[in-house]
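Undergrad: Protein chains in written order, with the numbering used here: chain A, 1 to 402; chain B, 1 to 402.
If you're looking for bench data, these hints aren't it; they were derived computationally from the structure.
Be careful, since some hints might not be right.
A pair counts as met if it fits within one copy or between any two copies, since identical chains are not told apart.
Unchecked claim - In the PhoX-like style, the derived pairs of lysine-lysine whose C-alpha atoms are separated by at most 25 Å in a straight line are:
#1 197 / 256
#2 256 / 87
#3 224 / 306
#4 37 / 381
#5 89 / 2
#6 334 / 168
#7 306 / 89
#8 86 / 197
#9 167 / 37
#10 256 / 306
#11 334 / 197
#12 381 / 328
#13 87 / 55
#14 197 / 328
#15 87 / 224
#16 341 / 373
#17 334 / 224
#18 86 / 381
#19 341 / 381
#20 328 / 168
#21 67 / 224
#22 55 / 37
Protein chains: 2
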Amino acid sequence: MKVLILGLDGYIGWSLALRQLSLGNEVCGIDNFSRRKSVEEIGSWSAIPILPIEKRISILQQEYGDKISFYAGDLVDSNFASDVIKKFKPDAIVHLAEQPSAPYSMIDQSHTLYTQSNNVLGTLNVLFAMRNHAPKSHLIKLGTMGEYGTPDLEITEGFMEVEFRGKKATIPYPRFAGSWYHWSKVHDSNNVAFACKLWGLRSTDIMQGVVYGTRTSQITDPSKHTRFDFDEIFGTVINRYCAQAVIGHPLTVYGKGGQTRGFLALEDSVQCMSILIANPPETGEYRVVNQFDQQYQVSDLAERVKRIADKKGLDAQVQRFENPRVEKEEHYYKADHEQLKKLGFKATRHIDDEINIMLDDLIIHEDRIRAKKDQMTKLVKWRDGSDMIKQRVVNPLILPMD
Amino acid sequence: MKVLILGLDGYIGWSLALRQLSLGNEVCGIDNFSRRKSVEEIGSWSAIPILPIEKRISILQQEYGDKISFYAGDLVDSNFASDVIKKFKPDAIVHLAEQPSAPYSMIDQSHTLYTQSNNVLGTLNVLFAMRNHAPKSHLIKLGTMGEYGTPDLEITEGFMEVEFRGKKATIPYPRFAGSWYHWSKVHDSNNVAFACKLWGLRSTDIMQGVVYGTRTSQITDPSKHTRFDFDEIFGTVINRYCAQAVIGHPLTVYGKGGQTRGFLALEDSVQCMSILIANPPETGEYRVVNQFDQQYQVSDLAERVKRIADKKGLDAQVQRFENPRVEKEEHYYKADHEQLKKLGFKATRHIDDEINIMLDDLIIHEDRIRAKKDQMTKLVKWRDGSDMIKQRVVNPLILPMD
């Protein structure tokens, strides 16, 4: 099977490439290295060092020969998108090549416009390239559970049945996204669903929860490590807490900490995507899956990381920070996630074990985390009118955690 | 009251400027003349000639002095959008400055990308400029009834109440748009609603039906005429039928002709927008109104135009053409449109009278219509893989009309 990974150089893209190669599939990757550049732009870096792309690919070629290929380029360049798909003729296309950070999209006007144009236009170029050169290919598009937001309703997988004024209908589940980034993913979902209807393409739109972890079964030595961001902009919550615990920085809980989300380990994210690659929907079908293992509240996660860190003799404190985001801090949350289980997904990682491994992996790179510790709290205020990255460190509001 | 009209040089923008000036309001307009350029690009022109913008503005200034001002520029240029709003400090901003044609967005990949980037990024720039320089201003954003598509449910005005798994909630009415253009408007609606929530802006999102007509009460002599497009790409259905009737060209009904839409006269479109300008929503409110007068099936409209044309001695024939669009040709359609009535809207034009006036206005310009008659049937096939404007004339399928 031929799998095209858009965004191969990223946190999940790299991990998925390793998995797909280990399964015997042929992998082609592309990347424009925007993740490396954006993290550098905001003054941070990956806690775990990663090799330059040439070395990464060369190491894979030593093991897998011509089963791995790579092209540097940008999906917003429609010729590039078209050329790659025309040349590789993939059976599956996993689209991880978007600006993936909500806070980054909230920095200022230019970052908002970049996020929406990059994500929407890049995806449109992929859709047109598929129509022209690989109409039977399966597009696995990374969306986010954040498209749904936190409505006061149970969250379904993409669609819901309603009765309204005496008529029944299946409608798309409503989206209540909470950042310009999250809305770019909703725009994508709408465009992808329309392309399936218009041209008979097939796609799985993954509403993914928050991913955590430093490892997968294929990440066995330093040359195969994937990046690990811990700054406020690109570091997701559990990953950031673990990095903070390692250097004795307060674990930054935003506001009341009652924010509930779905989470899954990197190992299981890669497992889910591999299951989807092996199980495409019908031609013309637009399928939505909710991809996460368990729901957690962020304040509980902070306490969990603290507890495990304490056992290792780390000095982890949990502190509430003024919430820079515009979000509910206490809310109802109950989301379906059955479809992947029906296809065979079983969570293989327990969160406590994973946090344990993460802390061990990160302790080695304590110096790299400490060097960029200010980037953990250089909070982008989502409601602000400012048009520059905030340089100030926000003073934490010292609130009781109970 | 200070009213900023984005897209003043267009069909509705110009008509609204005349109305707002006649009401004593101060009007500032902007335009990038994309409508003039796009209509030229596809090889057509306005049936009714319009003056160059300098002359249009100069004529208004003779009558209204410094109550009218104009800036040439593009909203995708964020500095331009910001400068205009900063300088004029509008009370209301009417946003008509988008690529407004569904078929244009379906021509090929570059026209799709242009439509979505132009519309989405231009609107984002307006929102940021409002936040920075006119946060109390009222954004009146032109969406379309086409955002809803043709679901098998009654259509509400923007939101619907549902009960789902034992919980009740108000959700956005689902969108089933049918072209890349229509989806760009959905993306806009989502972005505008989010900006209201995030920054406390206020906006009315108009889901407008199809507008027809050559006149408003202010269009009294040739120097004040608004443009009138009749080609397949920019000419809306009643307008196109009237132009076809005038030159004895078959009235081009697509497919079965059972497509039902909401319609309103240009005079009433301008009336509705003036009512909305005078009645802003609360600060932070995102309001959706469905703006149309009556629902009609397109085959009935063709018969109606034929009947009125016949009385004038015109030789109008109705013919079914192979449908280039991807749409249901027979479907349920019932859409609420109460909010504007509650604010005082009363339809002032009967469709038959309006068609009568249109035919009279167009007969004078029969030569201009005849010169571009091929542009009425150079049908853009929405499902096609081609990446160029089709030059061929599609042979009509001769089907019985009953």
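Undergrad: With reference to the structure, classify each hint as holding or not holding.
TA: Hints and how they fare:
| no. | hint | verdict |
| --- | --- | --- |
| 1 | 197 / 256 | between (43 Å within a copy, 20 Å between copies) |
| 2 | 256 / 87 | neither (51 Å within a copy, 41 Å between copies) |
| 3 | 224 / 306 | neither (28 Å within a copy, 72 Å between copies) |
| 4 | 37 / 381 | within (22 Å within a copy, 41 Å between copies) |
| 5 | 89 / 2 | within (8 Å within a copy, 56 Å between copies) |
| 6 | 334 / 168 | both (23 Å within a copy, 15 Å between copies) |
| 7 | 306 / 89 | neither (48 Å within a copy, 52 Å between copies) |
| 8 | 86 / 197 | within (22 Å within a copy, 43 Å between copies) |
| 9 | 167 / 37 | neither (51 Å within a copy, 45 Å between copies) |
| 10 | 256 / 306 | within (17 Å within a copy, 67 Å between copies) |
| 11 | 334 / 197 | between (30 Å within a copy, 23 Å between copies) |
| 12 | 381 / 328 | within (15 Å within a copy, 46 Å between copies) |
| 13 | 87 / 55 | within (23 Å within a copy, 53 Å between copies) |
| 14 | 197 / 328 | between (35 Å within a copy, 13 Å between copies) |
| 15 | 87 / 224 | neither (27 Å within a copy, 55 Å between copies) |
| 16 | 341 / 373 | neither (39 Å within a copy, 58 Å between copies) |
| 17 | 334 / 224 | neither (36 Å within a copy, 58 Å between copies) |
| 18 | 86 / 381 | between (43 Å within a copy, 23 Å between copies) |
| 19 | 341 / 381 | neither (38 Å within a copy, 41 Å between copies) |
| 20 | 328 / 168 | between (31 Å within a copy, 19 Å between copies) |
| 21 | 67 / 224 | within (17 Å within a copy, 67 Å between copies) |
| 22 | 55 / 37 | within (18 Å within a copy, 49 Å between copies) |
Consistency with the previously given hints fails for numbers 2, 3, 7, 9, 15, 16, 17, 19, ordered from lowest to highest.
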